[in-house]
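Protein chains in written order, with our numbering: chain D, 3 to 92; chain C, -6 to 131; chain E, 15 to 171.
Incorrect hints may have been included.
To be verified - Using 30 Å as the maximum straight-line C-alpha spacing, the simulated DSBU-like pairs for lysine-lysine come out as follows:
1) E/Lys73 x C/Lys97
2) E/Lys73 x E/Lys140
3) E/Lys140 x E/Lys70
4) E/Lys67 x C/Lys97
5) E/Lys67 x E/Lys160
6) E/Lys140 x E/Lys160
7) E/Lys140 x E/Lys67
8) E/Lys84 x E/Lys70
9) E/Lys70 x C/Lys97
As the list claims (entries may be wrong) - The calculated label-pair distances, taken between Cβ atoms and stated as ranges, are:
10) D/Asp64 x C/Glu(-4): 23 to 29 Å
11) D/Val20 x E/Arg139: 28 to 34 Å
12) E/Asp138 x D/Asp64: 27 to 33 Å
13) E/Phe77 x C/Met(-6): 16 to 22 Å
14) D/Leu39 x E/Ser112: 51 to 57 Å
15) D/Gly29 x E/Ala79: 43 to 49 Å
16) D/Val24 x C/Val70: 44 to 50 Å
17) E/Pro69 x D/Leu39: 38 to 44 Å
18) C/Ala56 x D/Ala56: 17 to 23 Å
19) E/Thr118 x C/Glu(-4): 39 to 45 Å
20) C/Leu71 x E/Glu113: 29 to 35 Å
21) D/Leu17 x E/Ala79: 24 to 30 Å
22) D/Leu17 x E/Arg56: 21 to 27 Å
Simulated from the structure, these hints should not be mistaken for laboratory data. Where is the CB? At the ideal position from N, CA and C, for every residue including glycine.
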Amino acid sequence: MLEIVVNIVFLLLSLALVLSFVRLARGPTLPDRVVALELLVSITVGFIAVHTIASERANFLDVAVVLSLTAFLAAIGFARFLERGGHRDD
Amino acid sequence: MIELFWEVVTSALLLIGGLLMLVAALGLVRMPDLLTRMHATTKAGALGGGLTVLAVAVHFGEAEIVARALAVMTFIVLTAPVAAHAIGRASYFVGVPLWEGTVKDELKGRYDAQNHQLHSSDEAAESARRPDARPPEH
Amino acid sequence: MTVFLWNLLLAIAWVGVSGNFSEVNFAFGFLVGYGILAVASRQIEGGARYVRKVPKVLKFIAFFAYDLIKANMVVAYDVMTPRHLMQPGVMAIELDASEDMEITILGNLISVTPGTLSLDVSSDRKVLYVHAMYMGDEERLRADIKALEARVLEIMR
Chain D
3 MLEIVVNIVF LLLSLALVLS FVRLARGPTL PDRVVALELL VSITVGFIAV HTIASERANF
63 LDVAVVLSLT AFLAAIGFAR FLERGGHRDD
Chain C
-6 MIELFWEVVT SALLLIGGLL MLVAALGLVR MPDLLTRMHA TTKAGALGGG LTVLAVAVHF
54 GEAEIVARAL AVMTFIVLTA PVAAHAIGRA SYFVGVPLWE GTVKDELKGR YDAQNHQLHS
114 SDEAAESARR PDARPPEH
Chain E
15 MTVFLWNLLL AIAWVGVSGN FSEVNFAFGF LVGYGILAVA SRQIEGGARY VRKVPKVLKF
75 IAFFAYDLIK ANMVVAYDVM TPRHLMQPGV MAIELDASED MEITILGNLI SVTPGTLSLD
135 VSSDRKVLYV HAMYMGDEER LRADIKALEA RVLEIMR
């Protein structure tokens, strides 16, 4: 049963990845793209989790730890940059 | 029997997590303005990521993997609202437009563009804008 | 806080004494430790306060988890159905909380609850600006947030 579920979840996550990439490409403002990037990271962490279960190897979990931390730093950095007067229409 | 139980729990967590992330991505595409998009992504996205990682912890049940999975979960769940606040504030500050269906905006005009102060009422914002105004105390 | 550490130490002692290193046994040890602290609370500085607070925290977690699931459903429904039912808006909420820590926790809890997103706190820390997706029943939304604030203050003070 778990194998079927893993495949279904891979499918769901791939769809989510494509959708958030649409928002990343379309914008229209920089904050929109930042939000899309953040969701991309969440989905990537989800992918890593599902892959860990599918392959029974936990090596990739460390990547998930680092990703979840750096995504936060990136969001804060972008917010600072915006408030200090960066361009906002790209 | 016990193994089957844990397998069901893992599958359920994975499915709910995946569905939540799909909902988040759908909301990201479908919602009309930035703040409503953030409603969809920050909660459903973070919760979905947290649940899939929790599924890993349940599936393996070994101390070192559980510890790492819990670390990822805590990071995601703790940082999501803070990042949402930072981006929401910054986007409002630079004037990203709100959706035309927005019914009310009590924050409008209360930011001070010069010194990044946020006033608590329209009167305070007005008096700070006057030329003879004293700088706000911290 | 120190009493909480005592409680953790008692739980670890329980796990060590019973020789069973599982999570369930740790939770049981925590419960035993809590029982011991409840009996001995008058002897310890801050003990009575801690003993009173733990059930409140647990109740708060249960209440908040329920809130989280319910609100997530509402937002998910709105995302998936073709017409937008939402009436978003920004509202100012007068704060009773005054400490930075209290405002931080309240703001984050509001952000985590689907349907509301805390944008910013005014520089004089009197007003919290919240973006809400469903402003149709504004009075009720305000009352909900004030109720959440009251619960947070009850735990923090």
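Status of the hints after comparison with the structure:
Proximity of lysine 73 of chain E to lysine 97 of chain C is assessed by CA-CA distance (about 34 Å); at most 30 Å being required, the pair is judged violated. Restraint check: the Cα-Cα separation between lysine 73 of chain E and lysine 140 of chain E comes to about 28 Å, which is no more than 30 Å; the hinted pair holds. A hinted pair counts as satisfied when its Cα atoms are at most 30 Å apart, and lysine 140 of chain E with lysine 70 of chain E qualifies at roughly 26 Å. Using a Cα cut-off of 30 Å, the hinted pair lysine 67 of chain E and lysine 97 of chain C is violated, with the two alpha carbons roughly 38 Å apart.
With a CA separation close to 20 Å, the supplied pair lysine 67 of chain E and lysine 160 of chain E stays within the 30 Å bound. A hinted pair counts as satisfied when its Cα atoms are at most 30 Å apart, and lysine 140 of chain E with lysine 160 of chain E qualifies at roughly 14 Å. Of the pairs offered as hints, the one joining lysine 140 of chain E and lysine 67 of chain E holds, with about 27 Å between alpha carbons and a cut-off of 30 Å not exceeded. For the suggested pair lysine 84 of chain E and lysine 70 of chain E, the alpha carbons sit about 21 Å apart, so the restraint of at most 30 Å is met.
With a CA separation close to 35 Å, the supplied pair lysine 70 of chain E and lysine 97 of chain C exceeds the 30 Å bound. Between aspartate 64 of chain D and glutamate -4 of chain C the C-beta distance comes to about 27 Å, which sits within the given range of 23 to 29 Å. Restraint check, valine 20 of chain D to arginine 139 of chain E: a C-beta distance of roughly 43 Å breaks the suggested window 28 to 34 Å. A hinted range of 27 to 33 Å for the beta carbons of aspartate 138 of chain E and aspartate 64 of chain D is inconsistent with their spacing of about 44 Å.
Checked against the given bound of 16 to 22 Å, the beta carbons of phenylalanine 77 of chain E and methionine -6 of chain C, roughly 34 Å apart, lie outside it. Range check, leucine 39 of chain D to serine 112 of chain E: about 36 Å between beta-carbon atoms, so the 51 to 57 Å window is missed. Against the hinted window of 43 to 49 Å, the Cβ-Cβ separation of glycine 29 of chain D and alanine 79 of chain E comes to about 35 Å, which falls outside the hint. At roughly 26 Å, the beta-carbon separation of valine 24 of chain D and valine 70 of chain C lies outside the given 44 to 50 Å, and the hint is violated.
Checked against the hint of 38 to 44 Å, the C-beta distance between proline 69 of chain E and leucine 39 of chain D comes to roughly 41 Å, which is consistent with it. The hint said 17 to 23 Å for the Cβ distance between alanine 56 of chain C and alanine 56 of chain D, and at roughly 22 Å that hint holds. Against the hinted window of 39 to 45 Å, the Cβ-Cβ separation of threonine 118 of chain E and glutamate -4 of chain C comes to about 43 Å, which satisfies the hint. Between leucine 71 of chain C and glutamate 113 of chain E the Cβ separation comes to about 19 Å, which falls outside the hinted range of 29 to 35 Å.
At about 28 Å, the CB distance of leucine 17 of chain D to alanine 79 of chain E agrees with the hint of 24 to 30 Å. At roughly 59 Å, the beta carbons of leucine 17 of chain D and arginine 56 of chain E sit outside the given window of 21 to 27 Å.
Hint violations for this structure: numbers 1, 4, 9, 11, 12, 13, 14, 15, 16, 20 and 22, all remaining hints satisfied.
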